[in-house]
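Number of protein chains: 2
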Amino acid sequence: MCYTGGMDSENTKRQIEAALAKLLPSPEGEAAALHAAMRWAVEGGGKRVRPLVCLAAAEAVGGAADDALMPACAIELLHSYTLVHDDLPAMDNDTERRGRPSTWAKFGEDTAILAGDALQALAFVALAKTPVSCPGVRAGLLSILGEAAVGVVRGQAAELSGSKDVAYVYGHKTADLFVAAARMGATAGGGTAAQVERLGTFALHLGLAFQHEDDLLDGDSPLGRAEAEPTRRSPCSSACPATRPSFRTSLPASPRARPSDWIHPRMWRLRRFFIVRQADTPTDSISLARRLGWCRCARGTGGA
Amino acid sequence: MCYTGGMDSENTKRQIEAALAKLLPSPEGEAAALHAAMRWAVEGGGKRVRPLVCLAAAEAVGGAADDALMPACAIELLHSYTLVHDDLPAMDNDTERRGRPSTWAKFGEDTAILAGDALQALAFVALAKTPVSCPGVRAGLLSILGEAAVGVVRGQAAELSGSKDVAYVYGHKTADLFVAAARMGATAGGGTAAQVERLGTFALHLGLAFQHEDDLLDGDSPLGRAEAEPTRRSPCSSACPATRPSFRTSLPASPRARPSDWIHPRMWRLRRFFIVRQADTPTDSISLARRLGWCRCARGTGGA
Numbered sequence: 003m004c005y006t007g008g009m010d011s012e013n014t015k016r017q018i019e020a021a022l023a024k025l026l027p028s029p030e031g032e033a034a035a036l037h038a039a040m041r042w043a044v045e046g047g048g049k050r051v052r053p054l055v056c057l058a059a060a061e062a063v064g065g066a067a068d069d070a071l072m073p074a075c076a077i078e079l080l081h082s083y084t085l086v087h088d089d090l091p092a093m094d095n096d097t098e099r100r101g102r103p104s105t106w107a108k109f110g111e112d113t114a115i116l117a118g119d120a121l122q123a124l125a126f127v128a129l130a131k132t133p134v135s136c137p138g139v140r141a142g143l144l145s146i147l148g149e150a151a152v153g154v155v156r157g158q159a160a161e162l163s164g165s166k167d168v169a170y171v172y173g174h175k176t177a178d179l180f181v182a183a184a185r186m187g188a189t190a191g192g193g194t195a196a197q198v199e200r201l202g203t204f205a206l207h208l209g210l211a212f213q214h215e216d217d218l219l220d221g222d223s224p225l226g227r228a229e230a231e232p233t234r235r236s237p238c239s240s241a242c243p244a245t246r247p248s249f250r251t252s253l254p255a256s257p258r259a260r261p262s263d264w265i266h267p268r269m270w271r272l273r274r275f276f277i278v279r280q281a282d283t284p285t286d287s288i289s290l291a292r293r294l295g296w297c298r299c300a301r302g303t304g305g306a
Numbered sequence: 003m004c005y006t007g008g009m010d011s012e013n014t015k016r017q018i019e020a021a022l023a024k025l026l027p028s029p030e031g032e033a034a035a036l037h038a039a040m041r042w043a044v045e046g047g048g049k050r051v052r053p054l055v056c057l058a059a060a061e062a063v064g065g066a067a068d069d070a071l072m073p074a075c076a077i078e079l080l081h082s083y084t085l086v087h088d089d090l091p092a093m094d095n096d097t098e099r100r101g102r103p104s105t106w107a108k109f110g111e112d113t114a115i116l117a118g119d120a121l122q123a124l125a126f127v128a129l130a131k132t133p134v135s136c137p138g139v140r141a142g143l144l145s146i147l148g149e150a151a152v153g154v155v156r157g158q159a160a161e162l163s164g165s166k167d168v169a170y171v172y173g174h175k176t177a178d179l180f181v182a183a184a185r186m187g188a189t190a191g192g193g194t195a196a197q198v199e200r201l202g203t204f205a206l207h208l209g210l211a212f213q214h215e216d217d218l219l220d221g222d223s224p225l226g227r228a229e230a231e232p233t234r235r236s237p238c239s240s241a242c243p244a245t246r247p248s249f250r251t252s253l254p255a256s257p258r259a260r261p262s263d264w265i266h267p268r269m270w271r272l273r274r275f276f277i278v279r280q281a282d283t284p285t286d287s288i289s290l291a292r293r294l295g296w297c298r299c300a301r302g303t304g305g306a
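For the protein sequence lines, the chains are B and A, in the order given.
All residue numbers for the first sequence refer to the numbering used here, where the first residue is 3 and numbers rise by one.
All residue numbers for the second sequence refer to the numbering used here, where the first residue is 3 and numbers rise by one.
One chain only, chain B, in its complex shape (with noise of 0.2 Å):
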């Protein structure tokens, strides 16, 4: 078996930090307080797990990178937002997030729901600033983020209302963003209809598996452990959603294939269950997975 050793992620990642830096007001000024509140949101951390999917997907088209960086941080600043939501007294009233106090806890719940407007606000604006070659472009990343925008919404306010549709849930409140990071990147790489349509289907895998992942390492999955292992131990290139196959964890993890230090050890986790087989899965979505370092094939069958 061999593991590839996926994107310079390290790199990557300062690279995106650095322009969502760029994109972030200075707090300063009458809005000083909200836009301290709007960097706090964003800089305190985070795998950047979706924007490097955003990455990942325009370089499997062969586009490069840097044509999906403004879409990459345009994903990242809606999760953002969610998140700082999300804590809010209203919804979870969680006072902490990644360690430190949440944005409400730290700058009141009236800046926390401003700063969350103006978050996702901000996504579009980077959107605005993405340089297109192509002027049908930019009018498919609109369209995109706008729907993973509701999307997201419908999800959380399904969860909320306690629906017991998993699979909606989790579609939309978690992989309508993954989804989105591809389709955005595929397109802004300069994909073609169907490589957009195909690595969203492989993003919407790798969103699904991550809240499974998620709900029972929470030890709350919806599905109960029980229901979930079998959706585990399938393979990722079936259609889904949540019910159908996704991921396996048939092959244990090579100490080869150790992530670099940023890697949060949940994603690494995630990571040895979401395998790619090179045999049922298309090209392009393998290149992504490669990209992301998630592509294990079997020895002799596979390429770069």
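The hints are simulated quantities; they were obtained by calculation from the structure and are not laboratory data.
Mixed in with the good hints, there may be bad ones.
Which copy? The list can't say, so a pair holds if one copy fits it or any two copies do.
List of simulated lysine-lysine pairs, DSBU-like, C-alpha gap at most 35 Å [stated by the list, open to error]:
id : residue 1 : residue 2
1  : Lys-131   : Lys-108
2  : Lys-49    : Lys-166
3  : Lys-131   : Lys-49
4  : Lys-166   : Lys-108
5  : Lys-166   : Lys-131
6  : Lys-24    : Lys-131
7  : Lys-49    : Lys-108
8  : Lys-166   : Lys-24
Starting from the structure of chain B, add chain A where the hints point.
Structure of chain A alone, referenced to chain B:
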């Protein structure tokens, strides 16, 4: 003196509301409560003045109002979300809006937060649906709406933090959406960069006038009555912000100019203050003001 009749506002308003109803999700399915709250927030009346400015701006530059229908919906969705979040207990804690329960009072605080979030997202979905003939148009619309969406939150945050910079607070909190409405309308209508700029400046005056009037009626003008009055007596054609001349009250309203029933009495009073003098106002701004029914010209000097 003569008053122009303005655009056929009754029909135009119906057209806007039909388009909004089509954009809003139906209140069913897993996210039914969210969808119902979104509809509650948007369909609860309102003067629709921002979308009217948007459509009038498209016509003022020689385009068709239809070209700007989706941007007009976008600006109204954005405005609606700000009201939903403004009313929250952690913000203004208002249980009523337009004579009925505010969104949070009706659907709960959590659903209201999410409904506001989804309405902002839907504004950008509306932009994605704008039919454009020229590739640069969508980029322009996205940039205008994105910046205004950030700006309006900045204004609210500055007010929240007790800023005494009225030009900043009013300029962002209120005028940003008027400016974006006019600029998007002019852009969608095929206006030149200079026209977009001029109509944006015009709308800045209108937005500032609108907010001053609001605060004066509420008795909580940050300028105080004495300071606000001179502002209201100045011609609207000069480059402002709030501290500069923006509109005048010197001429009494003509009985012939009585607005149709749908115009809120407050708008009617505002129109009395917001008087455009043809001599010192660019033609396209005059044209916008005429379409809104906010233009009074000296007899004999003006065309249609």
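_Numbers of unmet hints, in rising order_ = Violated: none.
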